[in-house]
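Residue numbers (my numbering), protein chains in the order written: chain A, 1 to 717; chain B, 718 to 924.
Rather than coming from a laboratory, the hints here were simulated on the basis of the structure. Keep in mind that this is a model prediction, so the values were computed, not measured. Please note that a few of the clues may not be correct.
[Claimed, not checked] Straight-line C-alpha distance at most 27 Å; calculated BS3-like pairs for lysine-lysine:
id	chain 1	residue 1	chain 2	residue 2
1	B	808	A	536
2	B	909	A	524
3	B	836	A	536
4	A	357	B	830
5	A	470	A	406
6	A	371	B	917
7	A	611	B	779
8	A	605	A	592
9	B	797	A	524
10	B	899	B	797
11	A	357	A	524
12	B	890	A	363
13	A	592	B	808
14	B	917	A	551
15	A	536	B	765
16	B	808	A	611
17	A	536	B	890
18	B	797	A	563
19	A	597	A	576
20	B	890	A	524
21	A	536	B	839
22	A	380	B	899
23	A	536	B	899
24	B	836	A	371
25	B	779	A	551
26	B	909	A	605
27	A	230	A	202
28	A	371	B	890
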Amino acid sequence: MIVRTPPLKKRRPDATGNSESPKSDGRFVIFEDLPEPEPELSHQHSDQMLCTYQCRQLVKADFLDALSSAEKQSQDYQTKLETMDDNLRKSEAERMKFRDQLLYAEQELAAAKGCEQALQDQLLKEVNESQERLRKQIHIHSELETKFRKEMELRKNAESLLSSAKQKASDLEGKLSHVSESIEREKVRLQKELTQLKQESKFSMSRISADLERMECKASNSEKEAVLLKEQLESLQTKLNECLHEKNEVEKKLTTLTCQEFPSDDNILVRHLREELRNYESEVREARKWKASHEDIELLREKLLEEKGRRERAESEVLKLSEAQINGKKLEDELSSWKLVMKEIPGVTSAVDIPLKFEALQKEVLEGMMKMGEVTARLKQVEVALDVAENARQNVETESALTNEKMELLKLELKRTELLLSSTTEERDRLKIIVDQLKQQKNVEAGTAMTDGTVKELEASLVMKEDLIKKLESSILEQKDVNARQHNEIKLLNERLSSESRRIKSLEREDDRLRSEIAILESKLGHGDFSSSSTKVLRMVNSLAVDSEAKQTIEALQNELQKTKDKLQAIEELKKQSGDAGTLVDSYISGKVVQLKEQIATLEKREERYKAVFADRISVFRRACCELFGYKIVMDDHQRSDGIPVTRFTLQSIYAQSDDEKLQFEYESGNTKILGNNYTQQSEISHQVEIFIRKLNSIPAFTANLTVESFNKRTLS
Amino acid sequence: MASKTASKDIITLRGSTAIVSEFFGYAANSILYNRGVYPEESFGRVKKYGLPLLLSQDEGVKTFIANLNTQLSEWLEAGKLQRIVLVIMSKATNEVLERWNFSIETDREVVEKGVSREKSDKEIMREIQAIMRQIASSITYLPCLDEPCIFDVLAYTDKDVAVPFTWTESDPKLIANPQMVKLHSFNTKIHKVDTLVSYKNDEWDEQ
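Please construct the entire structure, taking both the sequences and the accompanying hints into account.
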């Protein structure tokens with residue numbers, strides 16, 4: 001909107017308003033005239049306030065323009081208003097909608113709040129619970145910590161014990177080494193002592209022997225002295241005797257002379273004699289001394305003998321010592337050899353094993369003996385066979401001897417016949433001579449007819465004899481032939497005999513070898529040996545046994561677990577009562593339980609595996625059956641009304657044309673029965689059932705026939 | 718059972734295999750009964766080989782022997798089985814106390830060329846009967862098993878045999894220094910089975 005011209009009263013100059021600037025009062029200014037009046041603006045202010053026509057026209061036009069534009073604007077505003085109204089309405093509707101939504105949202109909010117409340121409650125509960133749990137956990141934790149501490153203490157104790165034990169062990173080792181060292185030292189010392197003693201003994205022996213020699217020398221000297229002294233003694237005794245005799249004589253003389261001679265002479269003589277007597281007495285003393293020394297010599301001799309005995313004893317002791325040393329060495333050698341033997345014997349670590357080993361060896365020896373017995377038995381058999389062969393040989397030999405004898409006899413006969421022959425030839429010769437003589441006689445006597453007959457007879461006999469001789473000669477030849485043949489035969493027989501005996505021996509050897517081989521092979525066979533190059537040993541995985549065993553084991557383990565749990569409870573109770581005593585047991589039992597659980601787990605795993613394997617195999621078997629016999633077989637177990645379990649088999653031919661073509665059989669302890677159903681009640685099938693199953697009692701024939709028929713139907717259709 | 722052909726005296730590889738594996742099943746049962754490995758009441762009486770024999774009714778044992786026989790049959794038919802050993806061990810220590818050794822010799826020609834042999838069922842049964850009698854009478858000389866025992870079966874096969882899934886290679890479970898008793902043998906003309914029992918030396922004997 002354009003500002004209109006201001007009211008007139010405002011055109012009046014205001015004294016107070018003059019001070020204000022001309023532009024701030026809002027007067028109407030024509031901009032076309034502005035460039036001209038500008039220089040006088042400050043002087044002609046009131047003249048410019050007058051509106052000219054042009055101005056009015058302009059204003060009017062402006063006004064009209066303004067009006068029209070205002071109208072337009074009002075219209076615009078009207079339309080705007082309308083649109084605004086519409087918008088308002090729309091917004092009202094939207095508002096309503098939003099209100100509804102708001103309400104709904106509020107409701108939801110309320111519900112959500114409720115939910116939240118509930119969740120908060122739950123959360124609170126959970127928090128409480130978890131706090132409780134936490135508390136419990138903390139409690140357990142603290143318990144465990146205490147346990148741990150105890151364990152640590154125990155461990156420390158154990159470690160300290162271990163270290164003390166180690167120390168002890170080291171101490172002991174040190175002691176041991178010390179002791180062994182001391183033993184070694186002692187040993188060395190003792191050996192030294194021994195050698196010293198030996199040396200000493202040798203020295204003493206030599207000393208003793210020297211002493212002995214010395215003593216012997218002494219003894220011999222003293223013996224000699226003694227002999228000399230004896231001799232002296234004897235001479236002195238004789239002298240003494242003589243002296244005594246002389247004394248007696250002198251005394252007698254004295255007595256006789258006392259009355260005859262002067263006493264002065266007598267006295268002198270007496271004195272002289274007394275001196276002599278004293279001398280003699282001193283001599284006697286000396287002799288006594290010698291005697292004493294002689295006795296000393298005797299004593300010394302005895303001592304010498306004693307010393308000799310001692311020496312002998314010492315020598316024998318020395319010998320014994322050396323023997324003992326040798327024995328000791330022997331024993332040491334034996335000990336070392338035993339040790340070596342012990343080391344050499346396999347499987348023997350200590351002397352305790354040796355008797356066991358010996359027992360085993362004795363057993364072996366017994367077995368060997370048994371084997372030897374067997375072998376000797378076999379040997380005896382062989383010997384018997386040999387005896388038989390020997391007998392046969394002897395028989396043959398006797399036979400040959402007999403034939404030899406025969407041969408000898410024949411030879412003798414031959415000789416006899418030869419002798420006979422010679423005698424007969426001689427006779428013949430003789431007779432010939434006689435005949436010649438007779439012939440001569442005949443010639444001489446010229447026809448003595450008497451002798452003719454005899455001559456003829458003789459000639460005839462001669463001829464006969466000659467025939468006989470020839471016969472005998474031929475028989476001899478025959479005999480010779482026979483002999484030669486027999487000889488040959490005998491030779492042949494002998495050869496055969498020897499070859500036979502050789503063969504017997506070789507056969508016996510072969511027999512022995514084969515027997516031993518057979519024995520070895522039989523033992524091997526019985527033992528179960530086999531050559532790994534051509535044979536392998538298989539065993540069936542006894543799944544059932546393993547299964548049952550596994551089940552049993554699981555049961556046993558479960559029982560054990562239960563028991564241990566009970567024990568654990570009891571122990572825990574005890575532990576509560578007695579504090580730390582149970583901790584060790586606790587850890588042991590828990591370890592055990594873990595172990596047992598592991599075992600159970602492995603066994604269960606194995607069971608699962610077996611089951612899987614079994615299922616796999618079963619499916620293969622089923623498929624193979626289906627392929628081979630043309631029927632899918634489904635097996636399931638049922639229980640009859642009387643509680644007896646039966647197995648039902650449902651067979652469906654792979655050539656079946658509908659799903660209803662099923663055969664059902666019931667199998668119970670070796671008997672299979674067909675069950676009636678819609679399919680089997682069909683006349684064709686029931687007829688077949690009647691023939692094959694009821695009459696011919698053969699289910700396989702029935703199913704096979706059915707298979708063939710179904711197959712035909714399929715292929716023909 | 719042996720395959721029943723027209724003539725009773727003909728025996729095929731499959732028939733022989735069946736006879737041997739069946740024999741082993743009965744022999745194992747008889748041994749388990751006679752040696753008291755399983756309680757007496759867990760056995761049921763049947764008539765076989767002209768003898769009253771006892772078969773274990775324990776499901777585990779039955780399944781075990783059935784599975785075993787299946788595998789043994791397979792090997793026997795391939796001629797790969799050399800020996801079957803039934804081992805009786807102490808349950809507590811696993812020490813081997815007895816080894817029942819069934820050595821098997823297979824006629825290679827039959828396996829390779831598939832020819833058949835001639836022997837009557839009756840004769841084979843008679844031979845098996847003798848072995849069964851010997852097993853039953855073995856308790857008179859075998860040492861007493863006075864502790865709980867378990868048994869295991871080892872199969873000695875050719876080296877080239879693939880180890881089946883349910884089988885595993887094993888050690889031969891030998892007895893050190895055993896006593897041995899050789900039992901009768903039987904021959905189907907395709908498989909010859911020699912039976913031998915070796916057992917741990919009783920300490921009482923040596924004392």
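Structure-based check of each hint:
1. B:808 / A:536: Since the Cα atoms of residue 808 of chain B and residue 536 of chain A sit roughly 25 Å apart, the hinted pair holds (cutoff 27 Å).
2. B:909 / A:524: holds (19 Å)
3. B:836 / A:536: Not satisfied, since the Cα-Cα distance of roughly 31 Å exceeds 27 Å.
4. A:357 / B:830: violated (57 Å)
5. A:470 / A:406: holds (24 Å)
6. A:371 / B:917: This hinted pair holds, its Cα atoms lying about 18 Å apart.
7. A:611 / B:779: Between residue 611 of chain A and residue 779 of chain B the Cα gap is close to 19 Å, so the pair holds against 27 Å.
8. A:605 / A:592: holds (20 Å)
9. B:797 / A:524: holds (21 Å)
10. B:899 / B:797: holds (23 Å)
11. A:357 / A:524: Roughly 25 Å between the alpha carbons, so the hint for residue 357 of chain A and residue 524 of chain A holds.
12. B:890 / A:363: Distance ~23 Å between residue 890 of chain B and residue 363 of chain A Cα, so the pair holds.
13. A:592 / B:808: holds (25 Å)
14. B:917 / A:551: The given pair, whose Cα atoms are some 31 Å apart, is violated under the 27 Å limit.
15. A:536 / B:765: Given that 27 Å is the threshold and the Cα spacing comes to 33 Å, the pair is violated.
16. B:808 / A:611: holds (24 Å)
17. A:536 / B:890: holds (13 Å)
18. B:797 / A:563: With a Cα-Cα distance of about 52 Å, the restraint between residue 797 of chain B and residue 563 of chain A is violated, given a limit of 27 Å.
19. A:597 / A:576: holds (26 Å)
20. B:890 / A:524: Given pair residue 890 of chain B, residue 524 of chain A holds - Cα atoms ~14 Å apart, limit 27 Å.
21. A:536 / B:839: Answer violated: residue 536 of chain A to residue 839 of chain B is near 34 Å, above 27 Å.
22. A:380 / B:899: holds (23 Å)
23. A:536 / B:899: holds (23 Å)
24. B:836 / A:371: Since the Cα atoms of residue 836 of chain B and residue 371 of chain A sit roughly 40 Å apart, the hinted pair is violated (cutoff 27 Å).
25. B:779 / A:551: holds (19 Å)
26. B:909 / A:605: violated (43 Å)
27. A:230 / A:202: violated (39 Å)
28. A:371 / B:890: holds (25 Å)
The structure is inconsistent with the numbered hints 3, 4, 14, 15, 18, 21, 24, 26 and 27, although it conforms to all the rest.
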